[in-house]
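Engineer: Each chain is listed here by its residues.
Protein chains: 2
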Amino acid sequence: MVSRSIDASALRAGDRRALAKAITLIESQRDDDREASQALLNDLLPHTGNSIRIGITGVPGVGKSTFIEAFGLHLVASGHRVAVLAVDPSSPLAGGSILGDKTRMEALSREQNAFIRPSPAGSALGGVALKTRESMLLCEAAGFDVILVETVGVGQSEHQVAGMLDYFCLLMLPGGGDELQGIKKGILELADTIVINKADGDGAGLARMSRQHTASAMALIKHSESWQPQVLTCSALHNEGVTDIWDMVQAFRNQSADGVDVIAVKRAEQNLAWMNQLVDELLRLGLKRHPRVAQEMPALEQQVKNAEITPLAAAMEVMRLSLS
Amino acid sequence: MVSRSIDASALRAGDRRALAKAITLIESQRDDDREASQALLNDLLPHTGNSIRIGITGVPGVGKSTFIEAFGLHLVASGHRVAVLAVDPSSPLAGGSILGDKTRMEALSREQNAFIRPSPAGSALGGVALKTRESMLLCEAAGFDVILVETVGVGQSEHQVAGMLDYFCLLMLPGGGDELQGIKKGILELADTIVINKADGDGAGLARMSRQHTASAMALIKHSESWQPQVLTCSALHNEGVTDIWDMVQAFRNQSADGVDVIAVKRAEQNLAWMNQLVDELLRLGLKRHPRVAQEMPALEQQVKNAEITPLAAAMEVMRLSLS
Chain A
-9 MVSRSIDASA LRAGDRRALA KAITLIESQR DDDREASQAL LNDLLPHTGN SIRIGITGVP
51 GVGKSTFIEA FGLHLVASGH RVAVLAVDPS SPLAGGSILG DKTRMEALSR EQNAFIRPSP
111 AGSALGGVAL KTRESMLLCE AAGFDVILVE TVGVGQSEHQ VAGMLDYFCL LMLPGGGDEL
171 QGIKKGILEL ADTIVINKAD GDGAGLARMS RQHTASAMAL IKHSESWQPQ VLTCSALHNE
231 GVTDIWDMVQ AFRNQSADGV DVIAVKRAEQ NLAWMNQLVD ELLRLGLKRH PRVAQEMPAL
291 EQQVKNAEIT PLAAAMEVMR LSLS
Chain B
-9 MVSRSIDASA LRAGDRRALA KAITLIESQR DDDREASQAL LNDLLPHTGN SIRIGITGVP
51 GVGKSTFIEA FGLHLVASGH RVAVLAVDPS SPLAGGSILG DKTRMEALSR EQNAFIRPSP
111 AGSALGGVAL KTRESMLLCE AAGFDVILVE TVGVGQSEHQ VAGMLDYFCL LMLPGGGDEL
171 QGIKKGILEL ADTIVINKAD GDGAGLARMS RQHTASAMAL IKHSESWQPQ VLTCSALHNE
231 GVTDIWDMVQ AFRNQSADGV DVIAVKRAEQ NLAWMNQLVD ELLRLGLKRH PRVAQEMPAL
291 EQQVKNAEIT PLAAAMEVMR LSLS
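For the protein sequence lines, the chains are A and B, in the order given. Take the first sequence: its position 209, counting from 1, is numbered 199 in this note's numbering, and each next residue is one higher. Take the second sequence: its position 151, counting from 1, is numbered 141 in this note's numbering, and each next residue is one higher.
I should point out that these hints are in silico values taken from the structure, not numbers from a laboratory. Fair warning: there could be bad hints in the mix.
[Said to hold, decoys possible] Distance condition first, Cα-Cα at most 20 Å in a straight line; then the derived PhoX-like pairs of lysine-lysine:
1) B:278 with B:256
2) A:295 with A:278
3) A:256 with B:295
4) A:295 with B:278
[Said to hold, decoys possible] From chain A, some residues computed to sit far from chain B (all C-beta separations above 12 Å):
5) 266
6) 282
7) 296
The model shown is predicted, which means the values in this text are computed figures rather than measured ones. The beta-carbon is built from N, C-alpha and C at its ideal position, and this holds for glycine as well.
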């Protein structure tokens, strides 16, 4: 049982070991730990929300960790406290997450005002998104004012975390449309900004072309009403263009439609949507655990697949069984 | 009560008045009619599925009805039986649907082998999608082998019906990216083919440009693995390019990954997904009708919006209330 060892006040004071322990508690599958973590979260909730939540994604090889290190070091240097969380639905319980490799982000991990946490394993309810969302709240309670959520760019995880982020940044490689093929459907639509990374050496010219090319593509893709996604170039390796990206985040944060705090509005909607999603999951979970339903479901699904009964008839039968 | 007057054998024989009555039954909100319509559907189910289900959408002014009339007349002339259903979530119970205007598709509506049905009003469970899905099955039982489902291009309805269609056709106007702004987010991703309509007169040259422009945009948007959406031009008004579109539908229909019937596979998945969606809706409906939940929900939602409790805590409270 992890919960005994949590020191909430140390966490509030920004102690990274206390924060790490608290996240371990949150990730625990044990029922008593779940209760303890919920209690902890409710205590800390008044102290959460004081950060900008930035998602960073891109296909493998785009240079996510190099970028996050450069970006994070820049932010720490300008007085911010930066937490990096990774979401990798493919990572097994044993670990082996995308941030598992300790050689990544060495310089950033040595910074007092940086906190790096590998990906949690997916749990039943809420999946990795729930763990990440709760870890994010803990980081905020510990006084981290910039949260970077790294995802692997395989699609699934991006959609999971998009609902908890203020800002989504998609990293791309220089060089036209073909490179885009690696980017899964729907990711472009999530992006608040696209950064063409590795805009250095031979890549510089190519990156400028890609920027125009991508910008015109983004113009075709409907985004939020208030914000048109921008396309920037950067060289994380040579630390070029990193400040522009933070300026862009500031511009996004400071945008206000008639004095309305767009991020506050967005978060309120996100919380509500997340609550509804969890209710749906809990309802489905309850249904799946119902013995009669569990027993009859496979046959019903097969009949529906074969168009032997209408989906509605099958759905109503499921409900009938659930009440039996 | 409508159900008394349904003549299933006349419907099976292709009688359009019997079909119209059956659809009216399906659209009825009365419980006894719902039961009767479900019984009718289950009887007819073995005779359904023998059609290609084509969605046609586009922003107002793109010429949907002109296109559907030209396309439908071409199909009827080549021996097909064509049913046109319209989905318009905004249409009130009183009617006033997008096909309500009787002056539309005059020539097509005079054809023996064409059946045109205005939009149903949205109902609680399954919404207009359920009505349309069931109407589609009735049309198939009545021997219509091409079903054209017209949507208004406002986004919502397209996503509702995409899950019941074999093929989605997006109509666009000639002329660059700006015209695309009218097309809601996510519609491009649904399209199996894009047709630049009004490719005539001054529009002809512009349409050719738009075709290239749109084709390159589509290349950036991930679609299904097996099918890369094509972009065609047509002039419904002058009946040009209409046959090409039907050829395209045939090509799509006849594509087979290693002898697998892609449409059969797609429909099996659609049916299963639709069943699960209806189960979710029924679960939510049951929850909403629970007095304690209905009473406490608004306060809980407000607390979640204000981040006074975590979405998980609120969701668990909802479940607790539902069991009380």
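Engineer: Look at each hint and say if it fits the structure.
Structural biologist: Status of the hints after comparison with the structure:
1. B:278 with B:256: Between residue 278 of chain B and residue 256 of chain B the Cα gap is close to 32 Å, so the pair fails against 20 Å, i.e. violated.
2. A:295 with A:278: holds (19 Å)
3. A:256 with B:295: holds (10 Å)
4. A:295 with B:278: Between residue 295 of chain A and residue 278 of chain B the Cα gap is close to 29 Å, so the pair fails against 20 Å, i.e. violated.
5. 266: violated (8 Å)
6. 282: holds (14 Å)
7. 296: Incorrect as stated: the minimum Cβ-Cβ distance to chain B is 7 Å, not above 12 Å.
This entry does not satisfy hints 1, 4, 5, 7, going by the numbered hints stated previously.
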